[in-house]
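Number of protein chains: 2
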Amino acid sequence: MFKRILVPVDGSENALRALKLAVEMQKMTGAELMTLTVFRHHSLLEASMSMVRPDDPQNLDDVMREHAKDIADTAKKAALEMGAQNPRSFVRNGPPARTIVKFSKEREVDLIVLGSRGLGDLEGYLLGSVSHKVTSLADCPVMVV
Amino acid sequence: MFKRILVPVDGSENALRALKLAVEMQKMTGAELMTLTVFRHHSLLEASMSMVRPDDPQNLDDVMREHAKDIADTAKKAALEMGAQNPRSFVRNGPPARTIVKFSKEREVDLIVLGSRGLGDLEGYLLGSVSHKVTSLADCPVMVV
Numbered sequence: 000m001f002k003r004i005l006v007p008v009d010g011s012e013n014a015l016r017a018l019k020l021a022v023e024m025q026k027m028t029g030a031e032l033m034t035l036t037v038f039r040h041h042s043l044l045e046a047s048m049s050m051v052r053p054d055d056p057q058n059l060d061d062v063m064r065e066h067a068k069d070i071a072d073t074a075k076k077a078a079l080e081m082g083a084q085n086p087r088s089f090v091r092n093g094p095p096a097r098t099i100v101k102f103s104k105e106r107e108v109d110l111i112v113l114g115s116r117g118l119g120d121l122e123g124y125l126l127g128s129v130s131h132k133v134t135s136l137a138d139c140p141v142m143v144v
Numbered sequence: 000m001f002k003r004i005l006v007p008v009d010g011s012e013n014a015l016r017a018l019k020l021a022v023e024m025q026k027m028t029g030a031e032l033m034t035l036t037v038f039r040h041h042s043l044l045e046a047s048m049s050m051v052r053p054d055d056p057q058n059l060d061d062v063m064r065e066h067a068k069d070i071a072d073t074a075k076k077a078a079l080e081m082g083a084q085n086p087r088s089f090v091r092n093g094p095p096a097r098t099i100v101k102f103s104k105e106r107e108v109d110l111i112v113l114g115s116r117g118l119g120d121l122e123g124y125l126l127g128s129v130s131h132k133v134t135s136l137a138d139c140p141v142m143v144v
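Line order of the protein sequences matches chains A and B. Residue 0 is where the first sequence starts when you use the working numbering, and the numbers rise one by one after that. Residue 0 is where the second sequence starts when you use the working numbering, and the numbers rise one by one after that.
Hints were generated in silico from the structure; no laboratory data involved. There may be inaccurate statements among the hints.
Unchecked claim - Pairs of lysine-lysine residues, derived as PhoX-like cross-links and limited to a Cα-Cα distance of at most 25 Å, are as follows:
(1) B:Lys101 - B:Lys132
(2) A:Lys75 - A:Lys101
(3) A:Lys19 - B:Lys76
(4) B:Lys75 - B:Lys26
(5) A:Lys26 - A:Lys2
(6) B:Lys68 - B:Lys104
(7) A:Lys2 - B:Lys104
(8) B:Lys76 - B:Lys26
(9) A:Lys104 - A:Lys75
(10) A:Lys104 - A:Lys68
(11) A:Lys19 - A:Lys132
(12) A:Lys75 - A:Lys19
(13) B:Lys101 - A:Lys104
(14) A:Lys2 - A:Lys76
(15) A:Lys19 - B:Lys132
(16) B:Lys26 - A:Lys2
(17) A:Lys68 - A:Lys19
(18) B:Lys75 - A:Lys132
(19) A:Lys26 - B:Lys68
(20) B:Lys2 - A:Lys19
(21) B:Lys26 - A:Lys26
(22) A:Lys19 - B:Lys68
(23) B:Lys132 - B:Lys2
(24) A:Lys2 - B:Lys132
(25) B:Lys101 - B:Lys19
(26) B:Lys104 - B:Lys2
(27) A:Lys26 - B:Lys132
(28) A:Lys2 - A:Lys101
(29) B:Lys132 - B:Lys104
(30) B:Lys26 - B:Lys2
(31) B:Lys68 - B:Lys101
(32) A:Lys101 - A:Lys19
(33) A:Lys132 - B:Lys26
(34) A:Lys68 - A:Lys101
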C-alpha cells in the first residue's frame, strides 16, 4: 500500500507522536521509513532586525545544522526503540513546508506523517502552519497527527 | 491500530480517492468504516442575497437532504465494490468541518480520511478549506488524500 513513508521531525512532542504512528504504519505495510529535519539558514534580514547580532553568520548556520542533526539522530534512535526497521534520517535546509514537499517528491514518498503543531506553531498562526502548507503542496497523502 | 475510520464524502473525485485509501486502511486494520455526507440547511440570509428566491425554503432543505442521501448511498456502493466490510453511511446537516469533527468525536473515530479538494473548494480559498479546518479541530489523526 505505502512504499516510502516520510516523517518530518523537529524535536517536538507532536513530531514524536507522528513518528510513532509512522512506525506502526511501517509495521503494517513494510514501507521504507525516513525522517527529515529541516533547518533554516540564518537570514541576514533576521539578523538585521535582531538586537543581538552574531559576529559570524556562517558559524550560526553551523550551530543550527548541528542542532538539526541532533534532532535527526534522536528521532532515528526513537524510531528504532519503537521497533522501526532500518529508519533513515535526513537533514536539509530551507523553508520547512516547501523543503519537506520537495524532499518527498525527490524520494517518491507516498505517505507523509507529520505532527499538527511543532516548533513552528507561533509562525503557524501568522503564516499558515507547516502541516497546512504540506497538505496543500504534497503530491501524496498526508497524515496529520 | 485504527478501530473506526471516517471518510467524509461530498460526491467529488477527491472524496472517492479518500474512500479508496480508507478501504485499504480497513483491510489492513479491520477497522469499522463509516462515511459521512454533510449538507447545509438553506439559509434565509443566503436566500435574501440570491436573485432567485425559493418559494418554500423547507422544500429546498428536503431537496438538499435527498441529494446528500444520494451521495451517501453512492459512496456506500463504491466502498462495497472496493471490497469494504460493512461500510455504513451517515448524513448530517451543519457547517462541513465542524459537523465532521463533532461526528468523529461522538463516534470515537480514530482516523479521518478526506480529500484535499472537494466541492467546497472555492469557499476553501476564502475561508480555509474543510480539510484544513478538520485537521485543526479533530482529536484524531487526519489523512488528507
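Now the hints, each set against the structure:
1. B:Lys101 - B:Lys132: 12 Å, holds
2. A:Lys75 - A:Lys101: This hinted pair holds, its Cα atoms lying about 21 Å apart.
3. A:Lys19 - B:Lys76: Distance of about 34 Å is beyond 25 Å: violated.
4. B:Lys75 - B:Lys26: Holds. Lys75 of chain B to Lys26 of chain B sits at ~16 Å (cutoff 25 Å).
5. A:Lys26 - A:Lys2: Satisfied, since the Cα-Cα distance of roughly 12 Å is no more than 25 Å.
6. B:Lys68 - B:Lys104: 22 Å, holds
7. A:Lys2 - B:Lys104: Since the Cα atoms of Lys2 of chain A and Lys104 of chain B sit roughly 31 Å apart, the hinted pair is violated (cutoff 25 Å).
8. B:Lys76 - B:Lys26: 17 Å, holds
9. A:Lys104 - A:Lys75: Holds. Lys104 of chain A to Lys75 of chain A sits at ~21 Å (cutoff 25 Å).
10. A:Lys104 - A:Lys68: With a Cα-Cα distance of about 22 Å, the restraint between Lys104 of chain A and Lys68 of chain A holds, given a limit of 25 Å.
11. A:Lys19 - A:Lys132: Within the cut-off at roughly 22 Å; holds.
12. A:Lys75 - A:Lys19: 11 Å, holds
13. B:Lys101 - A:Lys104: 34 Å, violated
14. A:Lys2 - A:Lys76: Given pair Lys2 of chain A, Lys76 of chain A holds - Cα atoms ~21 Å apart, limit 25 Å.
15. A:Lys19 - B:Lys132: This hinted pair holds, its Cα atoms lying about 24 Å apart.
16. B:Lys26 - A:Lys2: 17 Å, holds
17. A:Lys68 - A:Lys19: Distance of about 20 Å is within 25 Å: holds.
18. B:Lys75 - A:Lys132: 31 Å, violated
19. A:Lys26 - B:Lys68: With Cα atoms ~37 Å apart, Lys26 of chain A and Lys68 of chain B exceed 25 Å; violated.
20. B:Lys2 - A:Lys19: 17 Å, holds
21. B:Lys26 - A:Lys26: Within the cut-off at roughly 14 Å; holds.
22. A:Lys19 - B:Lys68: Given pair Lys19 of chain A, Lys68 of chain B is violated - Cα atoms ~37 Å apart, limit 25 Å.
23. B:Lys132 - B:Lys2: Measuring from Cα to Cα gives roughly 23 Å; hence the hint holds.
24. A:Lys2 - B:Lys132: 28 Å, violated
25. B:Lys101 - B:Lys19: Cα-Cα ~23 Å, so holds.
26. B:Lys104 - B:Lys2: 13 Å, holds
27. A:Lys26 - B:Lys132: 30 Å, violated
28. A:Lys2 - A:Lys101: The hint holds at about 18 Å.
29. B:Lys132 - B:Lys104: The given pair, whose Cα atoms are some 15 Å apart, holds under the 25 Å limit.
30. B:Lys26 - B:Lys2: Between Lys26 of chain B and Lys2 of chain B the Cα gap is close to 12 Å, so the pair holds against 25 Å.
31. B:Lys68 - B:Lys101: This hinted pair holds, its Cα atoms lying about 19 Å apart.
32. A:Lys101 - A:Lys19: 23 Å, holds
33. A:Lys132 - B:Lys26: Status violated; Cα separation ~30 Å.
34. A:Lys68 - A:Lys101: Within the cut-off at roughly 19 Å; holds.
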